[in-house]
Every structure is written in C-alpha cells, then in structure tokens.
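Spelled out from the first residue to the last, the chains are:
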Amino acid sequence: MKIVVDFDLCESNAVCMGIAPEVFEVRDDDFLYILDENPGPELHDRVREAVERCPKQAITLED
Amino acid sequence: MIVFAKPSSGVPSRPSRSKTEQAAPLTATDSLAHIVIVGASLAGMQAAQMLRRGGYDRSLTIIGDEPHYPYDRPPLSKQYLAGSWDESKLRLRAAVDPDELGIDWRIGVPARALELSGSSVMMADGTSIPYDGLIIATGASARRLPGPDLEGVYVVRSLDDARALRDAFDAEPKRVAVIGAGFIGAEVAATARERGLEVTMIEAAKSPLGRVLDTAAGLAIADLHRSHGVDVRLGVGVHSLVSGEGAGAHTVAGVALADGTVVEADVVVVGIGVTPNTGWLEGSGLTIDDGVVCDETCLAAPGVVAAGDVARWPNVRFGEQLTRVEQWDNAVDQGAYVARRLLAEDEVAPFAPVPWFWSDQYDRKIQLAGMPTSSAEVVHGSMAEQRFVQIYGRPDRDELVGALAWNRPRQAVQARQLIEQRATMAEARETLGG
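As they're listed, the protein sequences go chains A and B.
If you use my numbering, the first sequence corresponds to residues 1 to 63, in order.
If you use my numbering, the second sequence corresponds to residues 1 to 434, in order.
Among these hints, one or two may not hold up.
Computed list of lysine to aspartate or glutamate pairs in DMTMM-like fashion (alpha-carbon distance at most 20 Å, straight line) [what the hints assert, rightly or not]:
hint, chain 1, residue 1, chain 2, residue 2
1, B, 78, B, 214
2, B, 89, A, 6
3, A, 2, A, 37
4, B, 89, A, 37
5, B, 206, B, 259
6, A, 2, A, 36
7, B, 78, A, 11
8, A, 2, A, 62
9, B, 89, A, 8
10, A, 56, A, 37
11, A, 56, B, 326
12, A, 56, B, 363
13, B, 78, B, 259
14, A, 2, A, 52
15, A, 2, A, 42
16, B, 78, A, 8
17, B, 89, B, 66
18, B, 89, A, 52
19, B, 78, A, 62
20, B, 174, B, 266
21, A, 56, B, 97
22, B, 78, B, 326
23, B, 174, B, 264
24, A, 56, B, 86
25, A, 56, B, 87
Hints were generated in silico from the structure; no laboratory data involved.
Turn these sequences into a full structure, and let the hints steer you where they fit.
In structure tokens:
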C-alpha cells in the first residue's frame, strides 16, 4: 500500500490524522505531513477509513 | 488558501484511536433479497458502498430525484461557485464508475410515496419498487422566502441551484444580497467577494451563525466578512423582496428590510436553512416530525432505516433528545452505520457519534466538534487574531462536550477525541491550550 495525497485538494481538515495518527499529521503550520507513505498491514484498515472520511477525497491508495 | 508542504518522513509513536463502536459483521440473509436506497446522496452512496463491502451481493437499487449521479455538495458554495472546479470534479468517488457496485440506478424520477404494509416505494412515474430492506436518505431542501418567484433569486442546495447562481455571478451583477448569515450564506458571501462582487449580507439575529455559535464567535464571523469588504447587516429582518418596474416586474431589484431601508441588488441568495424531504412519506405510517423519527439505532420501522439530513434520532452520547444533523461527516458515518444496522443479525450498538463539521471562508477554516453550550471559554489563541480554540462544557457536570477551532485543525481533531473520551474541562485545557 502506497499513500498518495493530492495536495491541491487537501485542505488540512486533519480528519485523517484523527483516524491514523501514525501515518498522517497536521502540524501547527497547518500543513499535512505524511509520516509513513508505505504503512504496514496493521494500519491498512484505518488508512482506508481515512481515505473514505477525507472531506476533500484528497487521499488515494496505490498497490 | 492554505498551502501545503511536501510530505516528510519520520514516525512518531502515538496511541491509536480508541473505537467505541465496533462494526457488526455483515450477513447477507435470504430475508433481504432486495435493498432499496431512496436518495442518490452522500449518505445513500455510503450505505451502498458499505453493503457491498460487507458482502451483500443481492439486488441493490438507488432512487434519486435529481438527474445526476451522487455528487459532493460542500464545493457547491465554494470551489464550484468560484469557478475553479468544473462539474466533473464533484461526482462522489464511489459513483465515478456507476456500474462498479452493481447498482440498479433510478435517477431523475422522485419517489412519491411509501407503502409500508406492502413494502414498496411508489414512484412519480407510476411504477412501484418492492423492497425487503429500505434506507431513507432523501436529505433536505433549501427553504425559500414566501411570495411570488422572481428572477434573480437563488438558493444553493443542488448542483442545478449552484449552476444557475454561478451563471448569474458570471454575468457580473452590480450587487449580491445574501439573506441569512448561516454557513451557506457566509460561504456564498465569501466566494462572491473573492470573485470581486459587491456583497451585502443580511441576518435577522444579532450575530451570524446564531444557531451554532455563541454571540462572540458569531461576531468574529461578522468581523471576518467586514474585513473583506462585505456590508454586513445584523439584527434586521427582511420585509420583502422588491421587484423592478415595467419590464422588470418579474425580476428582483432589491431587498426591503424591516427597518425601512432597501438594499438594491440584482442577485439575491436566500440561505435561511433547510427542511427535511419527508413529503413523500406523509401518510406512510412512519413518524415524521422535522425528519424521519428513528430509534437510537436509526431504525424507523422494521426493515426501514434512515440516514443523513433527513434522519432524526436520539444521540445517546448527549442525552435522549432527538437530533437531526445536517453535516457531511454525519452523512458518511450514518450511511455506513445504517448499512450495518440493516444487515446485522445481532444487536447493534446505538449510533452515537461526536459530530464534526468544517466551513471554509476566505483563508479561515472553521471547525466545530461536538455540541456547543453556553459554558464556553477560549483556551488557545484569541478571537481578535482569528486563530483560536473555544471549548464547551456540559452544564450539569465537568465534561467537555464541544469545541470550536479557527485555523486550528490539529486541535479540532484532538478535541473530537477528548469529547469521545469524556475528558474533563481541565484535561481539555491542558491538551488544547497553550
């Protein structure tokens, strides 16, 4: 699993960070940082949930 | 506009989110040979996706009154109205390929009635669609002002509404009057200003967003708009719309206010809230009272569930009171929940989320988690710098129940988790303050 964020769409709502903080972090500068672009299998369910719950549909997954 | 840095690496260890509700396993039973979803909406689409993902492989029909596949509404008052997005970007991702989920689409024809005893949905074209399980996700419609329809008066709820308003903005009107400083009105005012249009925003209450924000936070919204050149009129109601003279008798020319003044405007946008779309359910036997009344598991009748803006249910997290939530995130969450609810053979935990929504106006991101109360305090930043966190306590005991964040998305997410964990106000101050 590889995480790709469309930074033109992302608006830093930080929903993804709430669901998978090991992977997504919105810092005090309001920027989203991807902490782990290739998360391990134990995180896949929550990363998928983050993909779905992103209000901007800005996150996609590649195999 | 928020700008984003490139991804960096480095993995800090953090506790994972505690889940209070576990998804019930989905079981496609023989008793549910056909599930019908009324509402080609965000909630309806999410329910369909969750049914399929859970292994439901029987017939699935989605009915929608609009002639469009499901699309996302939040950009209608922002990116789409601004002209920076075209319609192709609005389609919900799960509906980009309409054949993907094996759905029988009935779009462009509204449902007209529900026959509970016969388990079928009567369509406006005279056909009827039988069901074994029914998901009601018909959403809500924009309220309009009484009086004759005038040209130049708009609401923003559907894609067709937004397209008409965008065309009107393209024609460069002299002044746009926005009636109602709720979230839709405020976002439309911000987008119109960013397009260089002159804007007057009229609100009957003393402060904008009075239904959700306290007076001080509402007035900060008014300041934000004034600093961007909006003529904000607070505490004054609308008397009537004014039409033009002669050939313009059917076209709006302004808004007459209760204080006797007239705001001249060639485009008027009405943002005075919504009413749930329950007309088709009258006489069905379902309890209809400002929405489809459900139990704490979103069940309206045996085999019938409701989700999204149309559903009214008791969120037991906050008490017994029935609530109806008009929010994007709730539509996603509740749509997924009712799919599980419909298929689950065992008891399902109540639907008791911590609500959350956002609004973008100019370069401000406003997020509200949980429920605002009158017990409010600013614990981070200040309203004057328009970058702050305000927290809300439960009146009867020491518990965080809500938080408002302006350009503080990180704290908004933390607050939502603290509310879920029933944190004390002191814990909230400690985590969110500074």
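For each hint, the structure was consulted:
1. B:78 with B:214: violated (24 Å)
2. B:89 with A:6: holds (13 Å)
3. A:2 with A:37: holds (6 Å)
4. B:89 with A:37: violated (25 Å)
5. B:206 with B:259: Status holds; Cα separation ~14 Å.
6. A:2 with A:36: Holds - the C-alpha atoms of residue 36 of chain A and residue 2 of chain A are around 9 Å apart, at most 20 Å.
7. B:78 with A:11: holds (13 Å)
8. A:2 with A:62: holds (5 Å)
9. B:89 with A:8: holds (13 Å)
10. A:56 with A:37: holds (19 Å)
11. A:56 with B:326: Holds: residue 56 of chain A and residue 326 of chain B sit about 17 Å apart, inside 20 Å.
12. A:56 with B:363: With Cα atoms ~16 Å apart, residue 56 of chain A and residue 363 of chain B stay inside 20 Å; holds.
13. B:78 with B:259: Roughly 31 Å separates the two Cα atoms, so the pair is violated.
14. A:2 with A:52: holds (15 Å)
15. A:2 with A:42: Distance of about 14 Å is within 20 Å: holds.
16. B:78 with A:8: holds (15 Å)
17. B:89 with B:66: holds (17 Å)
18. B:89 with A:52: holds (16 Å)
19. B:78 with A:62: violated (29 Å)
20. B:174 with B:266: The given pair, whose Cα atoms are some 7 Å apart, holds under the 20 Å limit.
21. A:56 with B:97: Judged against 20 Å, a Cα distance of about 18 Å means the pair holds.
22. B:78 with B:326: holds (17 Å)
23. B:174 with B:264: holds (9 Å)
24. A:56 with B:86: holds (15 Å)
25. A:56 with B:87: Answer holds: residue 56 of chain A to residue 87 of chain B is near 15 Å, not above 20 Å.
Comparing the model with each numbered hint stated earlier shows that hints 1, 4, 13, 19 do not hold.
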